[in-house]
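Sequences and hints are given; from them, build the entire structure.
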Amino acid sequence: MTAQNAAALDTGAQPIVYGDWLHAGENAPTVLIYAHYDVQPADPLDLWHTPPFEPVLDEAAGLFRGRGVSDDKQGVLTAIHAVEVVMEAGGGRLPVNVKLLFEGQEEIGSPHLEAFMADNADRFACDHIFNADGMQIGEETPGILLGMRGMTALEVELRTAHRDLHSGTHGGSIQNPNHALATLLAGLHASDGGVAVDGFYDGVQPPSEEDRQDMSAFPFDEASEAAELGVVEAVGEAGFSTLERRWLRPTLEVVGMWGGFTGEGLKTVLPAGATAKLS
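Numbering (my numbering), first residue to last: 749 to 1027.
Honestly, the hints are just simulated from the structure, not real lab data.
None of the hints are false.
Okay, the calculated beta carbon distance ranges per label pair:
| id | residue 1 | residue 2 | range |
| --- | --- | --- | --- |
| 1 | 807 | 990 | 28 to 36 Å |
| 2 | 859 | 947 | 23 to 31 Å |
| 3 | 771 | 947 | 50 to 58 Å |
Predicted model only: the values in this text are computed from it and were never measured.
We put the CB at the ideal spot given by N, CA and C, even for glycine.
Here it is, written out as structure tokens:
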């Protein structure tokens, strides 16, 4: 693809990479394709078998390995190559006008994107938006996402003392925040797999029968996925299939927790506090 008006646009942080092809005519619709080039942190580095920021072709597995290969470098390249293929098939032209927007802050919530687009509304004006940051049904089964569940994040800190104490001196007589936090987190879910927080499901629309029939028709091999991921069994809210839990139901996940000494070796520390991150 030969993009016009290609530029790295200054947002005050990581730039937006932009390019367009606007020669389909004034009456043709304009499609804006979004993706992002930033990635999640590569930690812990000692668990990587290949350098995280050097793409390595794993010929045996038939894939590339590296941080962000899937999320969302593939989205960037897929968008570019898709436009190239359509343009080649059309003799060097596209049936629609195309704008490409690749940002660098998606993984931290895109804090500059909304204001920047509002300030540059004419540049980004379009009839349709295609988000190339998504998933597919399987290795050889693409998918088009029609909606997202959304996300919020919380950090919970629980403290039981003013300072760390010696576990040999105070252990068994003072509340251990790790124990207390573990009990609190375990109580977030009921025995049937549902979330036990009051009001959590308020306003959540139940899936329609049509939705459930559509999902049951997806070519999803749950056993193969479990074997690939090393998962012993599926869990979650009772009364819903795995895909329904993933795509139609809200979830509450503990994505991080720590407290006390977590380095190599042992320290007899009764921590003053413990922390968890929830998503």
